[in-house]
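Those protein sequences? They're chains A and B, same order as listed.
When the letters of the first sequence are read in order and numbered with our numbering, they come out as residues 1 to 195.
When the letters of the second sequence are read in order and numbered with our numbering, they come out as residues 196 to 385.
Keep in mind that the hints were calculated from the coordinates and are not lab data.
All C-beta atoms, glycine included, are put in the ideal place defined by N, C-alpha and C.
Worth double-checking, as some hints may not be accurate.
[Unchecked claim] Computed, partial: chain B to chain A, Cβ under 10 Å:
(1) GLY238
(2) GLN260
(3) MET264
(4) GLN268
(5) ASN289
(6) MET327
(7) ARG329
(8) ARG331
(9) ARG336
(10) TYR354
(11) GLU359
(12) ILE363
(13) GLY369
(14) LEU383
[Stated by the list, open to error] Take a look, some chain A residues computed to stay more than 12 Å from chain B by CB distance:
(15) GLU64
(16) PHE101
(17) LEU104
(18) TRP117
(19) GLY121
(20) ILE125
(21) THR127
(22) ALA140
(23) LEU145
Residues per chain are reported as follows:
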Amino acid sequence: MNIDTELEVWREQWQSDTVIAPDLRQKVQRQSRFMKIALIADIFVTVTIGGGTAAWAIRSPEPEIILLAVATWIFIAVAWTFSLAVNRGKWAPSAQDTAAFIDLSVRRCQSRLATVWFAAGMFVIQTVFVLSWVYLNSPARRQPLLTWLFFGSIPIDLVWLSTLAFFGFLIWARRKKRAELTRLYELRKKLCGQL
Amino acid sequence: MQYYQNRNMTHVQELGKSDEASTRPLDRTTLEQRFDRLIAANGPALSRLAASYTNTPGDRDDLVQDIAMALWQALPRFRGECSERTFLFRIAHNRAIAHLARARTAPLATDEADIHDTAPDPETGLARRQRMERLRRAIHRLPLEYRQVITLSLEDLGYGEIAEVLGISESNVGVRLTRARQILRESLEE
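Whole structure, please, built from the sequences with the hints as guidance.
What follows is the structure, encoded as structure tokens:
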């Protein structure tokens with residue numbers, strides 16, 4: 001078979017598949033709305049927790065309440081600073097050539113891995129701070145610390161359960177991102193090594 | 196080749212009507228119209244491209260939606276530096292690569308089940324479908340660098356457009372395409 005005829009035959013066979021996913025625009029708009037809602041939710045949580053502790057400190061300006069409000073805003077500031085720093089230069093549009101896109105994907109993946117460590121550290125520091133604050137500023141102080149920590153109450157048990165769940169999630173996310181990073185390196189070697 | 200050049204010129208003329216128009220932010224209605232037009236014109240091509248990177252119809256539809264989402268986000272920044280088609284396929288290929296990186300299965304894993312073309316009459320839809328499916332599976336088995344060029348070539352993109360989409364030289368496109376066709380031919384003859 002002539003080479004060009006062969007390509008034309010393949011083209012005809014290939015293009016005979018005319019399946020198209022329906023309602024793409026609606027799906028895309030729905031997804032865009034979810035992304036906006038997620039961003040608004042992040043801001044809402046920041047404002048609610050930060051604003052809530054600040055309002056509490058203004059209404060009851062006692063040292064421990066002020067300490068809680070200040071610490072909360074420090075945590076919020078550290079989290080947003082890390083988020084902005086780690087995402088800097090990684091918002092570029094998808095429409096770049098393959099090499100640039102893979103580089104961007106590798107950097108995003110590395111950022112996510114860094115975020116996992118950051119999240120783990122932040123969670124430990126916040127949990128220690130909050131538990132210490134609650135222990136020192138509640139009647140629980142009358143109990144021995146270890147008894148309160150492990151047999152104190154259902155809310156404390158929930159803290160440990162959520163800690164377990166959160167670290168389980170972090171381990172899963174780290175494994176997933178490391179596998180993705182390995183695959184990206186392979187793809188980069190395969191595709192970009194030959195450019 | 197002249198056909199490709201003419202088509203590219205038309206795209207560039209459509210998109211780059213004036214400098215003012217190309218730097219002005221698009222309003223939502225214009226954006227939606229442009230998005231709809233691109234999807235209507237290239238939806239089946241996107242679906243075929245997605246199918247060459249995925250193993251199941253569900254995954255294919257997810258990838259098409261992912262591509263559509265990336266297109267929706269990138270369209271406001273499009274200033275006609277290349278044809279819309281090149282722009283779209285560049286996004287599609289990048290999303291497909293991201294999909295391969297995220298996928299749990301190995302990038303080239305395919306369902307190896309054979310499609311037997313049992314229909315004696317080549318005009319029947321079933322036989323045509325089987326030939327298409329056989330071709331799709333053969334393309335799916337190609338190494339990624341060859342799969343990329345052959346899928347774009349089968350969508351009528353010229354060497355220049357493929358080079359722009361993949362960010363490689365035209366001569367590299369030629370080399371890859373020749374090799375891709377050779378492997379594909381051998382695979383289909385088995």
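Hints, verified against the model:
1. GLY238: holds (4 Å)
2. GLN260: holds (5 Å)
3. MET264: holds (5 Å)
4. GLN268: This hint holds: GLN268(B) lies near chain A, its Cβ roughly 7 Å from the closest one there, short of 10 Å.
5. ASN289: holds (4 Å)
6. MET327: holds (5 Å)
7. ARG329: holds (8 Å)
8. ARG331: With a minimum Cβ separation of about 7 Å from chain A (threshold 10 Å), the hint on ARG331(B) holds.
9. ARG336: Violated: closest Cβ of chain A sits about 15 Å from ARG336(B), beyond 10 Å.
10. TYR354: violated (13 Å)
11. GLU359: Where the cut-off is 10 Å and the nearest Cβ of chain A is about 8 Å from GLU359(B), the hint holds.
12. ILE363: holds (5 Å)
13. GLY369: violated (13 Å)
14. LEU383: Nearest chain A Cβ about 9 Å off; hint holds.
15. GLU64: For GLU64(A), whose nearest Cβ neighbour in chain B is about 46 Å away, the distance exceeds 12 Å, so it holds.
16. PHE101: For PHE101(A), whose nearest Cβ neighbour in chain B is about 4 Å away, the distance does not exceed 12 Å, so it is violated.
17. LEU104: violated (9 Å)
18. TRP117: Nearest chain B Cβ is 21 Å from TRP117(A), so the label holds.
19. GLY121: holds (26 Å)
20. ILE125: Non-interface label on ILE125(A) holds, nearest chain B Cβ at 31 Å vs cutoff 12 Å.
21. THR127: Correct as stated: the minimum Cβ-Cβ distance to chain B is 31 Å, above 12 Å.
22. ALA140: Given that every Cβ of chain B is farther than 12 Å from that of ALA140(A), nearest at about 45 Å, it holds.
23. LEU145: holds (44 Å)
Hints 9, 10, 13, 16 and 17, counting from the list given before, are not met by this structure.
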